[in-house]
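Trainee: Single-letter residue listing:
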Amino acid sequence: MSKLQEVRAMVEEGKTKLIAGKVQEALDEGNKAEDILQSMIDAMGTIGDRFSAGEIFVPEMLIAAKAMSLGVDVLKPHLAGESTSSLGTCVIGTVEGDLHDIGKNLVAMMLEGNGFEIVDMGVDVSPEKFLNAAKENKNVKLVALSGLLTTTMPKMEETVKLIKDSGLPVKVIVGGAPVTEEYAAEIGADGFAPDAGSAAVKAKELING
Amino acid sequence: MLTKKQNLMEVMKGGNPDRFVNQYEFMEIIMEMPMLKGVFLEPGTEGKNAWGVYYKWPEGHIGQMPVHGEHTVIKDITEWKKYVKAPSVKFSDEEWAAAVEHANKVDRNDQFVTAPYFGGMFEMCHNLMGMENALIAFYEEPELMHELIEFITEYELAYAKEVIDHIRPDAIFHHDDWGTQRNSFLSPEMFKEFFVEPYKKVYGFYKDNGVELIVHHCDSYAANLVPYMIEMGIDIWQGCMTTNNIPELIKQYGGQITFMGGIDSGVVDFPGWNQEIVEREVEKACQNGKLYFIPSLTQGLNISSFPGVYEAVSEAIDRMSKKMF
Chain A
901 MSKLQEVRAM VEEGKTKLIA GKVQEALDEG NKAEDILQSM IDAMGTIGDR FSAGEIFVPE
961 MLIAAKAMSL GVDVLKPHLA GESTSSLGTC VIGTVEGDLH DIGKNLVAMM LEGNGFEIVD
1021 MGVDVSPEKF LNAAKENKNV KLVALSGLLT TTMPKMEETV KLIKDSGLPV KVIVGGAPVT
1081 EEYAAEIGAD GFAPDAGSAA VKAKELING
Chain B
2 MLTKKQNLME VMKGGNPDRF VNQYEFMEII MEMPMLKGVF LEPGTEGKNA WGVYYKWPEG
62 HIGQMPVHGE HTVIKDITEW KKYVKAPSVK FSDEEWAAAV EHANKVDRND QFVTAPYFGG
122 MFEMCHNLMG MENALIAFYE EPELMHELIE FITEYELAYA KEVIDHIRPD AIFHHDDWGT
182 QRNSFLSPEM FKEFFVEPYK KVYGFYKDNG VELIVHHCDS YAANLVPYMI EMGIDIWQGC
242 MTTNNIPELI KQYGGQITFM GGIDSGVVDF PGWNQEIVER EVEKACQNGK LYFIPSLTQG
302 LNISSFPGVY EAVSEAIDRM SKKMF
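One line per chain: the protein sequences are A and B, in this order. The working numbering numbers the first residue of the first sequence as 901 and each following residue consecutively. The working numbering numbers the first residue of the second sequence as 2 and each following residue consecutively.
It is worth saying that the hints were derived from the structure and are not from the lab. Hints are supplied without guarantee of correctness; some may be wrong.
Unchecked claim - Taking lysine-lysine pairs in the DSSO-like style, the calculated list, with each CA pair at most 27 Å apart, reads:
id : chain 1 : residue 1 : chain 2 : residue 2
1  : B       : LYS82     : A       : LYS917
2  : B       : LYS91     : A       : LYS917
3  : B       : LYS91     : B       : LYS162
4  : A       : LYS917    : B       : LYS193
5  : B       : LYS5      : B       : LYS106
Please build the complete structure, drawing on both the sequences and the hints.
Mentor: What follows is the structure, encoded as structure tokens:
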């Protein structure tokens, strides 16, 4: 198994105590930082797919994301300027009136693991705050809205409308327990994902699409 | 006509009920128990509960939520003993008086005097630590998580003893949400490793001390955990969402456990609810069958978030009973 494969396997297995050493070994062996980063991004892709398929559960996803984050810390000084693998910035948050953050945090982790820079707005975020964050941050390509309550779905619609009406060149992806593909289309969102794993896949598709 | 209690027993043992058990009708929940003081905030307020967990109920929201960040109780799992202080379960007779009076008024031939418990072992772990920290700790510090759960178990046992001594409950209504609407939070293997034995201890203690019925609330997907629910001693799983494929569960486990739910609160209980939605969802739920199933909102109490929904669901279930029995 090559060092890159080993790094990838360690992220997939969530080896948080060993990953830093393995990334260092891969660097010492002469592997490019960008290639090591890509192997970790690929690992998170696999994690996302396995989560969507119900083969792994939230702790496995979290521990993999933590492993990746620890690996990236070792890589950072070796990456030229900003990460060359960056897919752009994603502004993410839970819509106004809703304090649920677990799903939103998982999606943020998966998007980060797949190469997005994350601006996490937290919970109970007003449409105006989402719009301002999309305007004020650099290279925003995606706005991700989470909502777990049927009562706050109108706020999701209002947020999508505000962003779309602003003319900003960003895609909007939505998700959360009561949200469906049909509802996402009805309110004018560009994409929908039923879970954190498929959110990362869908987000990449929207950006590259 | 069977009493509410008799009718429930017929449903649970696969006998001859004369109607659907209608939502929570068989449980008289004793909410006056002194340890419940401060568990629920008033809308528009925020503050700590007896364990030090900080909750917020913003005005206009439908419930309270734990808040972490600077408020997190366990800042470092390796030092959990430093941070976690269990509240006392000892209260004076005066403080128990309202609960005792309520329990004494219940006709125990018709209903189960029911002691509630909110925030079970899994919820307690993530309420104290924050969800992400708790879930990671199951991997990184399993021994410490076992210790923490043992500590919570001891508290639950002490709570159980007080409840039994004061109101002699016939049933326990115990909350602990174990999943999302799509899956359990933990894999079944991890769930077994951490939670099955502690729950067997607590539910076994209640059963050994005269409690006839263990009702466990978990309004999520948890179909993959049903064998463990049975092993723990759960008689009724309340909050069983439609995502669990209830007919299949009844087929596989009916006789060992009864499923209560089938009417997802999120679908029915919202500001724009109407009679048509209620009738549709209740009718669908009642098609799950007459045995080992109780049609009910998945909400964890005999209330709804929006006025009139709980009552409308109850009336619709009565109509379905007239049609189907």
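Trainee: Confirm or reject each hint.
Mentor: Status of the hints after comparison with the structure:
no., hint, verdict
1, B:LYS82 x A:LYS917, "holds, 24 Å"
2, B:LYS91 x A:LYS917, "violated, 43 Å"
3, B:LYS91 x B:LYS162, "holds, 10 Å"
4, A:LYS917 x B:LYS193, "holds, 25 Å"
5, B:LYS5 x B:LYS106, "holds, 16 Å"
Taken one by one, the earlier hints fail for this structure only at number 2.
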